[in-house]
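Asker: So the chains spell out like this:
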Amino acid sequence: MPIAVVMPKLGMTMQEGTVIEWPLEVGARVARGDTVLIIESEKAEVEIEATGDGYFRHIYVEPGEVVPCGTVLAALTEAPASDFDAEAFRASESTVAARPVVTAKPSATRAATAAPKAGAPATPAAKKLARSHDLDLDAIAGSGPNGRITREDVEALIEQRAALIGVGDGIRLDAPATGPDAGDGVLLLPGFGTDVSAFARQIPVLAEAYRVRGVNPRGVGLSDAPDSERYDIATAAGDAAALMHEPGHVVGTSLGAAIALELALRHPERVRSLTLIAPLVRAEPRLVAVIEAWCAIARESTPETLATALLPWMFSPAYLADESQRKRTVRGLAQTVARVGVEALHRWQAGILAWSGSREADLERVGVPTLVIAAGDDLLTPRAEAVASAIPGAKSIVVAGAGHAVMLEAPEAVNDAVLGHLSSGRTA
Amino acid sequence: MSRKLSFAAAINEALHIAMQADPDIIVMGEDVAGGGGRADQGIEDAWGGIMGVTRGLIKAFGPERVRDTPISETAILGAAVGAAATGLRPVAELMFMDFIGVSLDPLLNQAAKLRYMFGGKVRVPLTVRTSMGAGARAAAQHSQTLYGMTASIPGLKTVCPSNPADAKGLLLASIRDDNPVIFCEQKTLMFSQGEVPEGDYEIPLGQAATVREGSDVSLVGVGRTVHTAIEAATALAAEGVSAEVIDLRSLSPLDEDAILATLEKTGRLVVVDEATPRCGIASDVAALCVDRGFDFLNAPVKRVTAPHSPVPFSPVLEDAFVPSPARVIDAVRELL
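Protein chains in written order, with this note's numbering: chain A, 1 to 428; chain B, 1 to 336.
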């Protein structure tokens, strides 16, 4: 059964409410309790939770509209691509007379979605727990009133850190896995300055058939950030290999594609298939300059400013034309980039520059089934197709009109191509 | 075995049990006998005080042990302290705690000090029963909650039950305690009903009770505000917030361990007190949390008390004066 998101009645006097924002992309996976909607009622913004699990499927009411309590605003479905008649569902749900009173969730039970803020207030209990686990409070996002870090926030971090996976030399990485335990493994490697959330539009689809493990490399998210001049691509490839207990499929984008390529060259026996999305073997001057700007803005300003500045480089004009989409993307990207510290950015910057150009001659040695997905309007890695033509037997597709962030811009095209490649790799 | 009794009936039962067991116990106060037992004057039973709490005692124990006094709180408590110091075990009634002003010296400088100043050679096994609290439309001079005042005097114990069963057990423990105990009865609770065990049992002074288990926030109350806290906890449960409710039962001695234990469990605490806020039990509990429970705190400690004001006579204002479940819920929301 699809689930309706309705305008809640939050108090006896509330008659109508304003849709302020849909924080999720259509197609996103939703768990019960996730915030799916922000409304305004009686001058207060309130987050509305999903009442069940599903996929965010259809929006009926756009931000800015004022509607009566009980109005059907959006639909969640059980599967991302099942048959679903949006209008019929709206009509059937609208006849439900009595709507339950939805309660805005107290922030204590809210998972912290905000980015960590240095110097945020913390409760004594949170401070003590952080101290006893040797955790840095500046790395924790507060979910309490006024962004206060609570004991629950620290407990969540401890739980997450307990799930980190050792890759040797005492280094532990945050590499969450999802999908069927028995499925073939797919390893996802995100690009510069981002984390596994870059694959948010791919993971739910891939996880239906594969055991998907996203890798937050060194210095990203909860992964360890060992002190170092630079994070070498070769070391990152070693980390990735250590996360693969048996041969599997490897999917990387941008800097992650460089790591994937290095992995295929160093440990071909581990790699059943290789998918390179918007890859590079040499950093073009514009990419070098954008990375310099990225580091500078990260050092001097807020994640929101950084995301705003990155948007024109990463997305196509067609994507950027939609203002609400732009705002939503900035918000999401800001949360992603906030999870990578400035020091880690500099180390990865040094790593990619040191690696740049070192593997051009080795592409012909890549011996695993390879797919290259290039974006037609990619400003940052414009020579992705050349990578494909240099790898023996590599297939390639070009997603016309998409920018560097092709996984977000054209998830269906990317997912179809990746799934096709993985299944052909399975029979090969 | 237990059965339903009113708060007043539970106290009456405790007095009967205590007086039956110990001939040294006497009851004294304004209208506690009410002329009852004067068969020669055609009066069969006593009025038993304004709440009827002592009704029937004079028939059972006679005018020697159940004594009406003049309308002089100084005389009642002065005589009671003297009786206690010289071998009896009196239960004196101070009709309204608001009248404590004229009888403070016997309590403050005699009852509370004798055992200490005479090196333990004198004991003052006195119980002062007194009615207190707002909500009965009794205006500013008959509605105050002054238990914080007596609790601040070393040498006195101060007790305030929230339900009939506790009232019976706490009163039996108070009467048998060899120190002076101020036993506070909230007016609006006097006719509330509750299951009360039969027979003789005591609830130790200084032992709080967990009346509702919870995990997200602790609500600490005493007397009437225990019920305020329970109502708030029930409403919060509907929102998915699990509130624990602690009934202090005694203000002095104070069960510090119970307060710290619930704070350690939930990390968040709201103390609900119908007294005014300056130098009160709410501030005392909050200070304890910060002082000894600092590392348990996962939010500020909130106090929900009456305002710093006399109790209003206007029913509308009096209802606003008394801490309400809504105010407790608001305080909890500030912590989550």
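No lab work stands behind these hints: they were computed from the structure.
Note that beta-carbon positions come from the ideal geometry of N, C-alpha and C, so glycine has one too.
There could be a bad hint or two in this list.
[Unchecked claim] If you want a taste of the chain B side facing chain A, the calculated C-beta under 8 Å gives, among others:
1) 267
2) 294
3) 299
4) 330
Asker: Look at each hint and say if it fits the structure.
Answerer: Results of checking the hints against the structure:
1. 267: holds, 5 Å
2. 294: holds, 5 Å
3. 299: holds, 6 Å
4. 330: violated, 12 Å
Taken one by one, the earlier hints fail for this structure only at number 4.
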